[in-house]
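> With the hints as your guide, set chain B onto chain A.
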Amino acid sequence: MEVTITNIRKEFDRFPALNDVSLKIASGELIALLGPSGSGKTTLLRLIAGLDFPTAGQIFFGEEDASHHSVQERNVGFVFQHYALFRHMTVAENIGFGLKVRPKATRPAKAEIGRRVSELLDMVQLGGLEKRYPNQLSGGQRQRVALARAMAIEPRILLLDEPFGALDAKVRKELRRWLREFHDRTGHTTVFVTHDQEEALELADRVVVMSQGKIEQVGSADDVYDRPGSPFVFSFIGESSHLPVEVKQGTALFQGQPIGIPEAQDGAADLFFRPEDVALVDASDTLFGKVIACRRLAGTRIAEIDIANEGHAPYHVEIEVPLHAPVEIGSDIRFRPTRWTLFRH
Amino acid sequence: MSDNACARKTAFRNPADESFTTKALLVAVSLVFLTFFLFLPLVSVFVEAFREGWGSYQEALVEPDAWAAIRLTLLVAAIAVPLNLVFGVAAAWAIAKFEFKGKAFLITLIDLPFSISPVISGLVYVLLFGSRSLLGPFLKSYGIEILFAVPGIVLATIFVTFPFVARELIPLMQDQGTGDEEAALSLGASGWQTFWHVTLPNIKWGLLYGVLLCNARAMGEFGAVSVVSGRIRGLTNTMPLHVEILYNEYNMVAAFAVASLLALLALVTLALKTILELRFGAGIAGGRH
Numbered sequence: 000m001e002v003t004i005t006n007i008r009k010e011f012d013r014f015p016a017l018n019d020v021s022l023k024i025a026s027g028e029l030i031a032l033l034g035p036s037g038s039g040k041t042t043l044l045r046l047i048a049g050l051d052f053p054t055a056g057q058i059f060f061g062e063e064d065a066s067h068h069s070v071q072e073r074n075v076g077f078v079f080q081h082y083a084l085f086r087h088m089t090v091a092e093n094i095g096f097g098l099k100v101r102p103k104a105t106r107p108a109k110a111e112i113g114r115r116v117s118e119l120l121d122m123v124q125l126g127g128l129e130k131r132y133p134n135q136l137s138g139g140q141r142q143r144v145a146l147a148r149a150m151a152i153e154p155r156i157l158l159l160d161e162p163f164g165a166l167d168a169k170v171r172k173e174l175r176r177w178l179r180e181f182h183d184r185t186g187h188t189t190v191f192v193t194h195d196q197e198e199a200l201e202l203a204d205r206v207v208v209m210s211q212g213k214i215e216q217v218g219s220a221d222d223v224y225d226r227p228g229s230p231f232v233f234s235f236i237g238e239s240s241h242l243p244v245e246v247k248q249g250t251a252l253f254q255g256q257p258i259g260i261p262e263a264q265d266g267a268a269d270l271f272f273r274p275e276d277v278a279l280v281d282a283s284d285t286l287f288g289k290v291i292a293c294r295r296l297a298g299t300r301i302a303e304i305d306i307a308n309e310g311h312a313p314y315h316v317e318i319e320v321p322l323h324a325p326v327e328i329g330s331d332i333r334f335r336p337t338r339w340t341l342f343r344h
Numbered sequence: 000m001s002d003n004a005c006a007r008k009t010a011f012r013n014p015a016d017e018s019f020t021t022k023a024l025l026v027a028v029s030l031v032f033l034t035f036f037l038f039l040p041l042v043s044v045f046v047e048a049f050r051e052g053w054g055s056y057q058e059a060l061v062e063p064d065a066w067a068a069i070r071l072t073l074l075v076a077a078i079a080v081p082l083n084l085v086f087g088v089a090a091a092w093a094i095a096k097f098e099f100k101g102k103a104f105l106i107t108l109i110d111l112p113f114s115i116s117p118v119i120s121g122l123v124y125v126l127l128f129g130s131r132s133l134l135g136p137f138l139k140s141y142g143i144e145i146l147f148a149v150p151g152i153v154l155a156t157i158f159v160t161f162p163f164v165a166r167e168l169i170p171l172m173q174d175q176g177t178g179d180e181e182a183a184l185s186l187g188a189s190g191w192q193t194f195w196h197v198t199l200p201n202i203k204w205g206l207l208y209g210v211l212l213c214n215a216r217a218m219g220e221f222g223a224v225s226v227v228s229g230r231i232r233g234l235t236n237t238m239p240l241h242v243e244i245l246y247n248e249y250n251m252v253a254a255f256a257v258a259s260l261l262a263l264l265a266l267v268t269l270a271l272k273t274i275l276e277l278r279f280g281a282g283i284a285g286g287r288h
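Residue numbers (numbering that gives the first Met the number 0), protein chains in the order written: chain A, 0 to 344; chain B, 0 to 288.
For reference, chain A alone in the conformation it holds in the complex (with noise of 0.2 Å):
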């Protein structure tokens, strides 16, 4: 199922969580929503369920226009933060509820119900728990029962909220790569949100990154990392240093003196590039500065290096260093950005 959402507006006491935010998913798409906390990513799902109203705005699913559907009428498979399971309810009567609620109309018989959810508990790898409560399951199992549950309807699309945030860190790592499987195995328009940006890198074909109620850039993994198309989304994902410059004539100027930087339009600008983008080199137009730290980071060295010239305050940048020739604290060092973006004011 195709959505498109257009000019999305979306106030909470008139303050604007969401605004002007358009975007098209595409049909058997895996998307991330990924931002900080307060970047409207979770209002913009809730939007799409169903959960909450626009101020302003569409959203069609397909050619159809679900603006003004409620969630029941959208029919979309919604797992929460927290799962929201029914703790009176054992696992196979969880999963089973969207069936049992239907009118009765297109309610399937007791034995049917009874079969799609010992389907779908194997689908979800949890045969033979259907008779547990979810106070009994382990995260990763009441995360994989809510899943089976919001697929138990046979939902246009999957909306997923922070669906790994509650997890330690290594059943986070399994279940994403499983939820990755699942996707390809399923082939559902999936959209889920996150504020970690590893995850929505790894696992999302593309990645939605969101700032105050924008979206601030939509693309591929390598895109939103090579490419970043604003000074929020290159300093949001990866690491980076930012320097305020001034182009004149042709070079970008730091505190006034030359670092080696070509630029034809001149004006005040920032230049952002990543540690693992630079290159120490043996020149006068360059940056430079004292190491002022060197730490060890898994396959990486790092040195923070005050570059401040003379008479202004410490202006501390992060680069990788060679991992076998370490640098000295206290000694200087001269390096250039080989890859750089520079955004101007």
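Incorrect hints may appear among the rest.
As the list claims (entries may be wrong) - Cut-off 20 Å, straight-line C-alpha distance, at most; resulting in silico cross-link-like pairs (EDC-like, lysine to aspartate or glutamate): (1) B:K100 - A:D12; (2) B:K100 - A:E10; (3) A:K99 - B:E181; (4) B:K100 - A:D51; (5) B:K102 - A:D12.
What the hints assert, rightly or not - If you want the footprint, here are the derived chain A segments under chain B, 3+ residues with CB under 8 Å: (6) 72-86; (7) 95-105.
Said to hold, decoys possible - Pair ranges (Cβ atoms, derived): (8) A:D19 - B:G101: 28 to 34 Å; (9) B:G190 - A:E118: 26 to 32 Å; (10) B:F99 - A:Q124: 39 to 45 Å; (11) B:F99 - A:A55: 19 to 25 Å; (12) A:P35 - B:I119: 51 to 57 Å; (13) B:G101 - A:H344: 44 to 50 Å; (14) A:E111 - B:G101: 44 to 50 Å; (15) A:A165 - B:L199: 24 to 30 Å; (16) A:R343 - B:G101: 46 to 52 Å.
Rather than coming from a laboratory, the hints here were simulated on the basis of the structure. Treat the numbers as computed from the prediction; the structure is a model and nothing was measured. Quick reminder that beta carbons are idealized off the backbone N, C-alpha and C, glycines included.
Chain B only, in chain A's frame:
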């Protein structure tokens, strides 16, 4: 060596523990207090009731006026408690699951019966339905008696016992949030199905607890009911009112016999409440079990 061991013993005492004398003193104070304020009064009710034997005890209860008072009390509770169950669930549901203007005011209103004297609660109905009020004569012209009749007693009882169910449910439902309801709706359930299959099972123990307290108060209410009832023997006398009348007539055995029924009711309520707390303690406290 032995001195050393002794010193150690005291040094390793549980920091939250007290000396034997302190503990004994505190326990004794509590016991004396409980004896004088709880056990002795309770025992004396039954002792007085059975002073002239089982025969007169029975007689006092089947005496027509006493029997009428028991029936009236049961009738009033049978009307007031189910109504307050519905009102209480509705009010708690609105307050805990929705945001709206005037919510704080509504909570204050629900607490009102707790904060004003029951006698005033009764007087309000006298002012509303009395012979000099606007409503009283109007209703009377249609043959409807509110004051000094069963409807007035029921109204006063409903008013006084209104907060019990709502107060019990509001924190419970607030704690549970709206996640389960949203899940049910997203699975296609209607509002009614959601309430019946999801909301109600989640609050059932808290609700039962609230109903028990509400019932105990409905049967035992004196102040408000005494103002609106008119105390017509055999007609508008509830058990607590009947106890007072008998007592004022120095009919001690009969007074305490009826009183012992009320005391029994309190004991049964307490026992049920304790059983509920033991079995579903976490459920009542947090709504999760």
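> Does the structure break any of the earlier hints, and which numbers would those be?
none
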